[in-house]
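**Q** Chain residues, written in single-letter form:
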Amino acid sequence: MIKPSNIKIAVASGKGGTGKTLLSTNLFYVLQQQNCNITLVDCDAEEPNDRVFFKGTMLKSLEVTQKVPVIEESKCTFCGKCHEYCNYNAIFILPPVKIIKVIEDLCHGCGACSVACHYDAISEKDVLLGNVNCFSIAQQSTVIEANMKVGVYSPVSVIKEAIKEAGNSGIIILDSPPGTSCPFIQTVAVADYVILVTEPTPFGLSDLRQSVETLKTMNKTCGVIINRAGLGDNAIYEYLKQEHIALLMEIPFDKDIASYYSKGELFVKYKTEWEQPFISMFNSIVEKYGDSNN
Amino acid sequence: MEIAIISGKGGTGKSSISAAFATLSGKVVLADCDVDAANLFIMFNPTHEEEQVYMGGQKAVIDYSMCTNCGLCVDYCRFGAISFLNGRVSISEILCDGCKLCSRICPSEAITMIDSDKSRMYAGTFRNGKMVYGRLAPGEENSGKLVNMVRDKAKKMAKAENIDTIILDGPPGIGCPVISTITGVDHVVIVTEPTISGLHDLKRTIEITSKFNLKTWVIINKYDLNNEMANEIELYCNGLGISIAGKFTFNAQVVEAMVQCKSIMEYAPESDFATQIQSAYNMIANGKIISKRN
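Sequence lines, in order, name chains A and B. Here the first sequence stands for residues 1 to 294, where the numbers follow the working numbering. Here the second sequence stands for residues 295 to 588, where the numbers follow the working numbering.
Keep in mind the hints are simulated off the structure, nothing from the lab. Don't take every hint at face value.
Lysine-lysine pairs mimicking DSBU-like chemistry, simulated, CA-CA at most 30 Å apart [unchecked claim]:
no., chain 1, residue 1, chain 2, residue 2
1, A, Lys149, B, Lys353
2, B, Lys353, A, Lys67
3, B, Lys541, A, Lys255
4, A, Lys149, B, Lys509
5, B, Lys394, A, Lys263
6, A, Lys125, B, Lys505
7, B, Lys394, A, Lys149
8, A, Lys81, B, Lys439
9, B, Lys509, A, Lys98
Coverage of chain B stretches by chain A, computed from C-beta distances (three or more under 8 Å per stretch; other residues unrestricted) [claimed, not checked]:
no., segment
10, 428-438
11, 495-501
Listed below are several chain A residues computed to face chain B (Cβ distance under 8 Å; list not exhaustive) [as the list claims (entries may be wrong)]:
no., residue
12, Thr77
13, Gly80
14, Asn87
15, Thr180
16, Ser181
17, Gly223
18, Ser259
19, Tyr261
20, Ser262
Where a beta carbon is used, it is the ideal one built from N, C-alpha and C, also for glycine.
Generate coordinates for the entire structure from the input sequences, incorporating the hints supplied.
**A** Below, the structure is given as structure tokens:
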């Protein structure tokens, strides 16, 4: 197989539960068996699951924090400037009764309030948003998990840190969060190629279409894997043809595959006939988008 | 009565179950709160009686005729969104968080904020009542505010039409849009599947619902894909005193129904799956009466 010195591939889908994790983890395993230098980044920080599929040792766990203002009321003149500067409505103020409160859940840590305050009444503290956990799976193969703390409002900061931690060398697979909003954009923005995983249903097609349109505006190339092929209808195949999008692979609906997944097992370990399709798919992507060819 | 259907993990069957609940018998207001990947409108094809613009976040834009390239904004931006590119200050649309600090501190007033106005809320009539859904523009922060807008509209419609039941189809994950979907509802139904990932995500989702002290039910969908895991999930829920509202068998008819743009109640009202849905719904809805009496 072709071994690129570095390539970043995002595995994404508009619709949840189409098989992003199934694909990412099995692709990771197949490439690892080929002695590639490979990192899998679980960017689904709200519900990270990749590490369930691997036995590894934790190398490190980094805390991801955010700055949140602390207002010293004795210095505050209740002028309201910080409230005016905050673009997230995170500062609540009632000057007549001298009440000022920071709504930490709404704060994005931009620091505007500190700039606004002329009375030195605002300092900052760190608030924990989550962790980036790094696991060594085998030599040259690492799983990095973005894990948002339960109760935190947005996973974006933790995702960004996890991607940063993965660096730039070797093969990097980014298991993306669902949807096409900010967490998805942050993940695919760094990718050289995007694999969209979908299922052949009207819901799958609708969400695929939205993902494809979004990737177009970002000038990202994508290919599609149809999971649970055989259940559903053919509209998705028509769409791919019409849009000239590569159909990278089809995985049929198969109770065995579902059952291995349910137990936290990698199906390619047991159904070894699947190794080759994964390698061929990877080669076809690297030929065009990996740097070994540049 | 508001019933929210959520799942943590994507693709467990939230929307199929929401659609079934919405077509059981009496009229309902159906609100699709998965604004990042709205799907139920495909199945129910509601009329467009109302369309509202949802104002999302803002993005900073530089007017280069005024910019002196002083770089002050680069120093102030905490999101790493502003940097010198080819000798010129440049703002990354992807990384910009919309805090407006750069615009406020720019000595030459060269930076303005552009509102993103591409997200929408739609409301109308579908074959079993009223329907509301939101569509978040790609790349937007999914802050939960559009979800709040959808829920407000759903409540207004329920009142105006004298409809008792509001069904909320929630987004995946555990972040802000999920919190917005479940805050203050009468019942939260978590749909899970018998996989390690399903259980792992269920645990995090229950953490959220218990934080908000919400009456929580669990449905184990496709439980026969892994009976052992289904039992483990049931034991886990029993241990926490959370009732299992149903254990549904895997049924390919659910997908066939979706392809026909029908709910399982409409497509196969006599099927086992339809019976399971009905009894789960009865259990949840009656639970409401019991808890009122207490």
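**Q** For each hint, tell me whether it holds in the structure or not.
**A** Comparing the hints with the structure gives:
Straight-line distance between C-alpha atoms of Lys149(A) and Lys353(B) comes to about 27 Å, which keeps the hinted pair within the 30 Å bound. Annotation: proposed proximity of Lys353(B) to Lys67(A) holds, straight-line Cα distance about 21 Å (limit 30 Å). Under the criterion of a C-alpha separation no larger than 30 Å, the hint pairing Lys541(B) with Lys255(A) is consistent with the structure, at around 18 Å. For the hint pairing Lys149(A) with Lys509(B), the CA-to-CA distance comes to about 22 Å; that is within 30 Å, so the pair holds.
For the hint linking Lys394(B) to Lys263(A), the alpha-carbon distance of about 48 Å lies beyond 30 Å, and the restraint is violated. About 24 Å separates the Cα atoms of Lys125(A) and Lys505(B), which keeps this hinted pair within 30 Å; it holds. Among the hinted pairs, Lys394(B) with Lys149(A) is consistent with the structure: their alpha-carbon atoms are about 27 Å apart, no more than 30 Å. Only pairs whose Cα atoms come within 30 Å are accepted, and Lys81(A) paired with Lys439(B) is accepted, the gap being roughly 24 Å.
A threshold of 30 Å between alpha carbons decides the hint, and for Lys509(B) with Lys98(A) the separation of about 38 Å lies outside it, so the pair is violated. Counting residues of the segment 428-438 of chain B whose C-beta sits closer than 8 Å to any C-beta of chain A gives 8, which meets the bar of three, so the coverage hint holds. Interface restraint, the segment 495-501 of chain B with chain A: holds (3 residues with C-beta to C-beta distance below 8 Å; minimum three). Interface hint at Thr77(A): violated, since its Cβ lies 19 Å from the closest Cβ of chain B, which is beyond the 8 Å cut-off.
Because the beta carbon of Gly80(A) sits about 15 Å from the nearest beta carbon in chain B, more than 8 Å, this interface hint is broken. At its closest, the beta carbon of Asn87(A) sits 5 Å from a beta carbon of chain B; the interface hint therefore holds under the 8 Å criterion. With a least beta-carbon distance of about 4 Å to chain B, the hint placing Thr180(A) at the interface is held under the 8 Å criterion. The beta carbon of Ser181(A) is positioned within 8 Å of a beta carbon in chain B (closest approach about 4 Å), and the interface hint is therefore held.
Proximity of Gly223(A) to chain B is violated relative to the hint, the smallest CB-CB distance being about 19 Å (cut-off 8 Å). Of the supplied interface hints, the one on Ser259(A) holds, with its beta-carbon coming within about 6 Å of a beta-carbon of chain B, less than 8 Å. Interface restraint check for Tyr261(A): the shortest CB-CB distance to chain B comes to about 6 Å, inside 8 Å, so the restraint holds. Given the 8 Å rule on beta carbons, the hint for Ser262(A) holds: about 4 Å separates it from the nearest Cβ of chain B.
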